[in-house]
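Dock chain Y against the given chain X, drawing on the hints supplied.
As given, the protein sequences belong to chains X and Y, one line each in that order.
Here the first sequence stands for residues 0 to 185, numbered as in numbering that gives the first Met the number 0.
Here the second sequence stands for residues 0 to 279, numbered as in numbering that gives the first Met the number 0.
None of these hints come from the bench; they were simulated from the model.
Treat the hints loosely; a few may be bogus.
[Claimed, not checked] These stretches of chain X come out as covered by chain Y in the derived footprint (C-beta under 8 Å, 3 or more residues):
| # | segment |
| --- | --- |
| 1 | 4-11 |
| 2 | 65-79 |
| 3 | 104-112 |
| 4 | 126-132 |
[Stated by the list, open to error] With a straight-line cut-off of 20 Å between C-alpha atoms, the simulated PhoX-like cross-links for lysine-lysine are:
| # | chain 1 | residue 1 | chain 2 | residue 2 |
| --- | --- | --- | --- | --- |
| 5 | Y | Lys35 | Y | Lys228 |
| 6 | Y | Lys197 | Y | Lys155 |
| 7 | X | Lys185 | Y | Lys164 |
| 8 | X | Lys155 | X | Lys70 |
| 9 | Y | Lys120 | Y | Lys158 |
| 10 | Y | Lys204 | Y | Lys220 |
| 11 | Y | Lys32 | Y | Lys58 |
| 12 | X | Lys180 | Y | Lys228 |
| 13 | Y | Lys164 | Y | Lys35 |
| 14 | X | Lys185 | Y | Lys229 |
| 15 | Y | Lys120 | Y | Lys101 |
| 16 | Y | Lys101 | X | Lys70 |
| 17 | Y | Lys204 | X | Lys185 |
| 18 | X | Lys20 | X | Lys113 |
| 19 | Y | Lys229 | X | Lys181 |
| 20 | Y | Lys155 | Y | Lys37 |
| 21 | Y | Lys35 | X | Lys181 |
| 22 | Y | Lys138 | X | Lys70 |
| 23 | X | Lys20 | X | Lys170 |
| 24 | Y | Lys37 | X | Lys181 |
| 25 | Y | Lys138 | Y | Lys14 |
| 26 | Y | Lys58 | X | Lys73 |
| 27 | Y | Lys101 | X | Lys73 |
| 28 | X | Lys180 | Y | Lys14 |
| 29 | X | Lys70 | Y | Lys120 |
| 30 | Y | Lys228 | X | Lys181 |
| 31 | X | Lys181 | X | Lys20 |
| 32 | X | Lys170 | X | Lys108 |
| 33 | Y | Lys14 | X | Lys70 |
| 34 | X | Lys180 | Y | Lys37 |
Just so you know, even glycine gets a beta-carbon here, dropped at the ideal spot from N, CA and C.
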Amino acid sequence: MKKNIKLIRTPLDDKIVSDLKAGDIVHISGTIYTARDMAHKRLIECIKKGEEIPFDLEGSVIYYVGPSPNKPGKVIGSAGPTTSYRMDDMTIPLLERGLKGMIGKGYRKDEVIKGIKDNNCVYFAATGGAGAIISSCIKESEVILYEDLGAEAVRKLTVENFPLVVVIDSKGNNLYDIERKKYERK
Amino acid sequence: MRKINTRDVLEAVKKMSISSNINLCEDVMNSFKENKEKEESDIGRHILDTLIENAEIAKENIMPICQDTGMAVVFLEVGQEVLFEGQSITDAINEGVRQGYKEGYLRKSVVDDPLLRNNTKDNTPAIIYYDIVKGDRVKITFAPKGFGSENMSRIKMLKPSDGVKGVEDFVIETVSNAGANPCPPIVVGVGIGGTMDKAAYMSKKALLREIGNHNDLDHIKDMEERLLKKINDLGIGPQGLGGRTTALSVNIETFATHIAGLPVAVNINCHASRHEEIIL
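Here chain X stands alone, though its shape is the one from the complex (with noise of 0.2 Å):
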C-alpha cells in the first residue's frame, strides 16, 4: 500500500488521538496492556466495589487478546487479536476512567462508538488471525493480574511497530461502514 504510515508511542494523548482518522495506517511502540472477556469481568467488579484498577489507565491501550503459550526461549507464542464485541458491555467504564485506546478485530456497539466520541479515543483493528507475523512485534511481556486466567490473564506487553489500522476515530468515523458500502453491489 501507498499510504504513509503513522508512527505514535504509548501513553497517547488526547493530541494523538484528535489527529488520527479512520484508514489511517499505524504503527505503534511502548506499553500495551492485555485483557479479554474474563480480565475485563474482573475489572469491572473492582469499579463497581470502588477499587482502584491495579494498572494505570491514563492514556493507555488494551489489546483483546489471549496469546497462545511462548516456546522456551522466546517472549510470547501466536498473538493476534480476538473479536472485540464481546468486550461492548464492559468497555465504557474504563474509556472514563482513562483509557484511550482498544486494539482489537471486528465491529463494536453503537454505545461503544458514542463512549469513543464522548472521551476522545480511538478503537484499532490489528490483522485477525495473523497472530505469527503480531508476535514478531511484541519484544517483553509479562503476567501482571489474574495469572489464574492464562490465556486470558492481564499481560504488560512492550511492543515496537505494531501495524495497525485506525478503524473508529475520535469524531467516530467508522471505515467497517465507509469501506463496505464502496465495495457493496446491490
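Same frame as chain X, but now just chain Y:
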C-alpha cells in the same frame, strides 16, 4: 477383522493437533493468491498479503497461524471390520488432544462447564463424531475450530414453502450480520435438510471440503456458486475493511428431511481454515 491399537489413534490425533494449527491448508493459501489478483480494494489486497506472509512465518517459525488454536473437532470414519484394542477410543482421542496441545504450545481454550467456566487447561474434551462405514480402515479428520467464526454461525427452521429463496436469504443475512467479526475471507458451510442437529452437523462437515470442489448435485453446485457471488457482492472484504474477497467458498451439504420442515444451518470458518486427515 483388522486390529488397530488405540495408541495409533492417540498418536495420529496428537500429530494432527500440532501440524494443523501451524500449516495452513494449501487450497486456502492458493485461494488467497488467486483472490488477491481479483481484489479491487487496496486495503483488501494489503490484508491478503498479510495473511499470506503470516502463514509463511507460522510455518517457518513452527508457530500457530492464529492464537485461537480452537476447540478440537474430530471426525472419525470407522470401518465396520475394525477391532479396536487398548484404551477406549474416546479416551485415546482426548489424550491425543491433551498431549498435542501441551507439546505444541497451543492455546488451551476449553472450559469445563459453559456457565461456571473453569479452564480445563488441556483443551479437552474434544468434540467427536463417529461414523461407521464399510471396510477395515479408520479415517481421522482433525479440525480445530476457532470461536471468532463459530460465534457468528446460526441455525433456522424454515417452512417448506420458503424454498430456495428462503435458504439463500438466510445464508446471506447470516454472513452479512457477521461482517468483519469472523475474520473474513471466510469459508461458509451450509447444511440443508435432516433434523435441526443433522443440519448443524452437515454445516460443520461441509467446512472440510477442499476449496474449489463443488457438491455433486447440479442444483446444489449452482446454489454454491450463486451464494458465493452474492456474498462477495456484500462488499465486506478481507477483515471487513471493504473489498470483493469476503468468502473463499460456499460449501453445501444436504440430506432428506420431513414433509413439514426445512432446517438450515450456517457454520462460518475464518480464513485460518484448518483441517487435516490421516487414514489408519
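Status of the hints after comparison with the structure:
| no. | hint | result |
| --- | --- | --- |
| 1 | 4-11 | violated (count 0) |
| 2 | 65-79 | holds (count 10) |
| 3 | 104-112 | holds (count 3) |
| 4 | 126-132 | holds (count 7) |
| 5 | Y/Lys35 / Y/Lys228 | holds, 16 Å |
| 6 | Y/Lys197 / Y/Lys155 | holds, 12 Å |
| 7 | X/Lys185 / Y/Lys164 | holds, 16 Å |
| 8 | X/Lys155 / X/Lys70 | holds, 18 Å |
| 9 | Y/Lys120 / Y/Lys158 | violated, 43 Å |
| 10 | Y/Lys204 / Y/Lys220 | holds, 16 Å |
| 11 | Y/Lys32 / Y/Lys58 | holds, 17 Å |
| 12 | X/Lys180 / Y/Lys228 | holds, 17 Å |
| 13 | Y/Lys164 / Y/Lys35 | violated, 30 Å |
| 14 | X/Lys185 / Y/Lys229 | holds, 9 Å |
| 15 | Y/Lys120 / Y/Lys101 | holds, 9 Å |
| 16 | Y/Lys101 / X/Lys70 | holds, 11 Å |
| 17 | Y/Lys204 / X/Lys185 | violated, 31 Å |
| 18 | X/Lys20 / X/Lys113 | holds, 16 Å |
| 19 | Y/Lys229 / X/Lys181 | holds, 16 Å |
| 20 | Y/Lys155 / Y/Lys37 | violated, 33 Å |
| 21 | Y/Lys35 / X/Lys181 | holds, 18 Å |
| 22 | Y/Lys138 / X/Lys70 | violated, 31 Å |
| 23 | X/Lys20 / X/Lys170 | holds, 8 Å |
| 24 | Y/Lys37 / X/Lys181 | holds, 16 Å |
| 25 | Y/Lys138 / Y/Lys14 | holds, 14 Å |
| 26 | Y/Lys58 / X/Lys73 | holds, 16 Å |
| 27 | Y/Lys101 / X/Lys73 | holds, 16 Å |
| 28 | X/Lys180 / Y/Lys14 | violated, 44 Å |
| 29 | X/Lys70 / Y/Lys120 | holds, 17 Å |
| 30 | Y/Lys228 / X/Lys181 | holds, 17 Å |
| 31 | X/Lys181 / X/Lys20 | holds, 18 Å |
| 32 | X/Lys170 / X/Lys108 | holds, 15 Å |
| 33 | Y/Lys14 / X/Lys70 | holds, 17 Å |
| 34 | X/Lys180 / Y/Lys37 | holds, 18 Å |
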